[in-house]
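Colleague: Protein chains in written order, with the numbering used here: chain A, -14 to 312; chain B, 7 to 364; chain C, -16 to 253.
Bear in mind the hints are in silico, worked out from the structure with no lab data behind them.
Mixed in with the good hints, there may be bad ones.
Unchecked claim - Distance ranges between label pairs, derived from CB positions: (1) Ala353/B x Leu86/A: 55 to 65 Å; (2) Phe154/A x Gly314/B: 46 to 56 Å; (3) Ala353/B x Gln135/A: 58 to 68 Å; (4) Arg104/C x Phe15/B: 21 to 31 Å; (5) Ser198/A x Arg190/C: 35 to 45 Å.
Quick reminder that beta carbons are idealized off the backbone N, C-alpha and C, glycines included.
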Amino acid sequence: MDQLFFAAEVFLNGLMTGVMYSLVALGFVLIFKASGVFNYAQGVLALFAALTLVGIQQGQVPFAHLINAIFGTHVESFGWTLPSIAAIALTVLVMIGLAILIETLVLKHLVGQEPIILFMATIGLAYFLEGLGDVMWGADIKTLDVGLPQGISDSVEAVTAEWFGYGFFIDRLDIWATMIAALLVAALVAFSQYTKQGRAMRAVADDHQAALSVGISLRFIWIMVWSIAGFVALVAGIMWGTKSGVQFSLSLIALKALPVLMLGGFTSIPGAIVGGLIIGVGEKLFEFWVGPLVGGATENWFAYVLALLFLVFRPQGLFGEKIIERV
Amino acid sequence: MIYREAGDFKTGYREDGQTFPIRLDRWAYYALIAVAVLVVPFVIDDYWASAVILPFLIYSIAAIGLNILTGYAGQVSLGTGGFMAVGAYAVYKLMTAFPEISIVIHILLAGGITALVGMLFGLPSLRIKGFYLAVATLAAQFFLVWLFNKVPWFYNYSASGQITAPTRTVLGEAVTGPAASAPAKYLICLGFVFVLAWLARNLTRGTLGRKWMAIRDMDIAAEIIGVNPLTAKLSAFAVSSFFVGIAGALLFAVYLGAAEVGEAFGINKSFLVLFMIIIGGLGSIFGSFAGAAFLVLMPVFLKNLMTGGLGWPTDLAAHVELMIVGAMIVIFLIAEPHGIARLWALAKEKLRLWPFPH
Amino acid sequence: MSEAAVLDAAIVDTRPVLMDLKNITLRFGGVEAIKNISFDIREGEIRAIIGPNGAGKSSMLNVISGFYIPQEGEVWFRGEKRGPMKPYQVARLGIARTFQNIALFEGMSVLDNIMTGRLNRMKAGFLSQAIWWGAAEREEIENRAAVERIIDFLEIQNIRKTPVGRLPYGLKKRVELARALAAEPQLLLLDEPMAGMNVEEKEDMSRFILDVNDEFGTTIALIEHDMGVVMDLSDRVVVMDYGRKIGDGTPAEVRASQAVIDAYLGVAHD
């Protein structure tokens, strides 16, 4: 019986991790749909956002390390700390600025290139942003605290103990993260379905030329989706940064979102959501049952192998239609 | 006026199909080989060998390998690091299990084993295309690294989890292990580079190469004119992995001497080799060399400039280097998506016509 | 293009059947693209398939070249029933084709593109290719010579080493024909070989098609919209409309058929 509850707990934890995967995957899907860019930099974007948030909150001088090295000075900090809300707002502005820069300096010059070239450009972008984040704010591991509750939820444990005779250990941060992520997912879906900008975005996704001909500004749409992706990255960065510190490994969540995309399809919003949940739950349960037999750390590859096997048998993904090839 | 093809007549299809159709290019090629064999071994020192020349040679092999798969056959792979690890661990197991057999044979066998693993992970390419396949190759990357990390048999149950290359000799001269000299390491790598580049050139200019390129450019049309996608794609995975496996074996046995899988063959290695072929030029053997040279030399240059010249701390220099590498990739893709090879070809085109504008 | 180029119907009828299509039906999901069509292609003839847009002509060609497998019906080639085959296996039987939207290998030179047409004739093993010695080199040179003859025939010597991506449309069409010819096929399928061409280019292409048929004796099945061209080139014509066959015979017979006239003038279907 205990074993079953254990599994149920693992299942719940997986579900909550899955929501985070869905969120990051959604960032990918939005950019892919609107611009055909498979944005590998999504994870580094989250790292960069989290670094910037911590830096602004704690009043760090940007590029302090570089300035000190060049001018022999010893600047470190402005000596203030900002309230979380203000810091988040400023970070959002930074991410929008970054979106504009990316559009102007990179994407604009790559219009019409093959998708694979665009993909590789975002890998270059990921390297650049990783270096930039480190140069701007330093590479040491930082703690991020914007006031989200942390620690094991006593109430959940108490309630479940009373109901099942078994207390579920669930982190309060996970509960919050799940709720915020679910809200954000809902908001994004609503945005793309019901607002004018969302419709324009979908029009661009369907057909660039046709969208241009009815007066939609590609530039605006691209900056918009990259800003949204930056915002999604910020939210993901806050959650994961709060949980395990702001450090390089944070950028690896993007790698977790990739198999989600394979499973759900690069263009499907429901695919990203359901795919995220399946992979979140699947990898936790696999690690729980099979991990101990093979030395653990199966989360490193389970999602990929699952997605791979799934695609071999169903190349169109979870929600894709059967592909009819033409010549 | 000197660099030209006028007067250099071809009287048969054999001459027309040769690798260097222009006489000056042929001479330059022979001169390069002469310098590489007759001069470099006598002047090479440990610093140059370990900082520049050995990584250049070894990554050239890996880049040629990936270029066969991605540049010629059009199948993007992000699993290069994992396949290099297969080569490294295969050669390690062979070296320690059969010490009496020549290391050269071990390295070739390691390439063969990697080719088999590559074909296995290439199977999904028959069903999955484009980005989906690129992401699927990450499965190979993560799974293989995990496997070599978690199964002690692969690292002979060593306490550190590392693999360490024992001393092995070729013609009485140590090429691996701590006793190996810089010239010996250089010559064995050079030998592999020379033979493998020649094989790659032959395979890409003939029937197989055309099948690969046909699949790359338009897979459906290729199948309808008679290319079997199964054999074309799997042969590309096999040949590519053979090269990459040998590169991994040399990287571990000759260059590093000791390796830990996550560190030496992580996903960054996959990207590094991918960058080499993008910057060098997809679908070009010359480009593979150019890209490898560029990405091996640039960090050395930047490091010397920033830490040596400007006196910056090494961590700051490393971060700035990341930014510069990333920016270079983007700039290259914007300015010349076909890489250094195309720039080189254009320059030669100009030179051929010089001093006339057309 | 004189009337002399068109073989007498009586002569065609005595020739052996090269390809026989029996009761072909092809569906995509619920849509029937081809409905129970039968016709044959005889050796040495030029067979045209015509019909309005969406009539199922290209699907028919795709069935012949093995790209689509029909749900019902039989395909007979050279007196043998063809089992379910992959497209590359069909190519090896001696069927080559061109495509409506040019399907050349854009990253390769004209020469390499045409050489791909001879892939099935090159048997050198992997090792021979790797060391470029023996069979591989010999084959390369022999096949290069064959390809050069086709290059001469189609008058594209000067663009031999140009990457295909840089060629204008008309030349691409010609290179695609060259690639198909390089296979020395028994049956050559041409999907709208003259689409988007000006009058001069059409005349050139018609001349090449007739020459191929004359000089190499290649059997040709083609889809074409230009009625003048079809009537001049072909020996027999199949007319399709909405996936059905509505006419089959010599150009003169087809031109006189009421069903065909209705289809082209758009009489309401009942």
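Colleague: Each hint: holds or not?
Modeller: Structure-based check of all given hints:
1. Checked against the hint of 55 to 65 Å, the pair Ala353/B and Leu86/A fails, with Cβ atoms roughly 32 Å apart.
2. Judged by the Cβ atoms, the range 46 to 56 Å given for Phe154/A and Gly314/B holds: they are separated by roughly 53 Å.
3. A hinted range of 58 to 68 Å holds for the C-beta pair Ala353/B and Gln135/A, which are about 60 Å apart.
4. Remark: the range hint 21 to 31 Å for Arg104/C to Phe15/B is upheld by a beta-carbon distance near 29 Å.
5. Checked against the hint of 35 to 45 Å, the pair Ser198/A and Arg190/C passes, with Cβ atoms roughly 41 Å apart.
When held up to the earlier numbered hints, the structure conflicts with hint 1 and nothing else.
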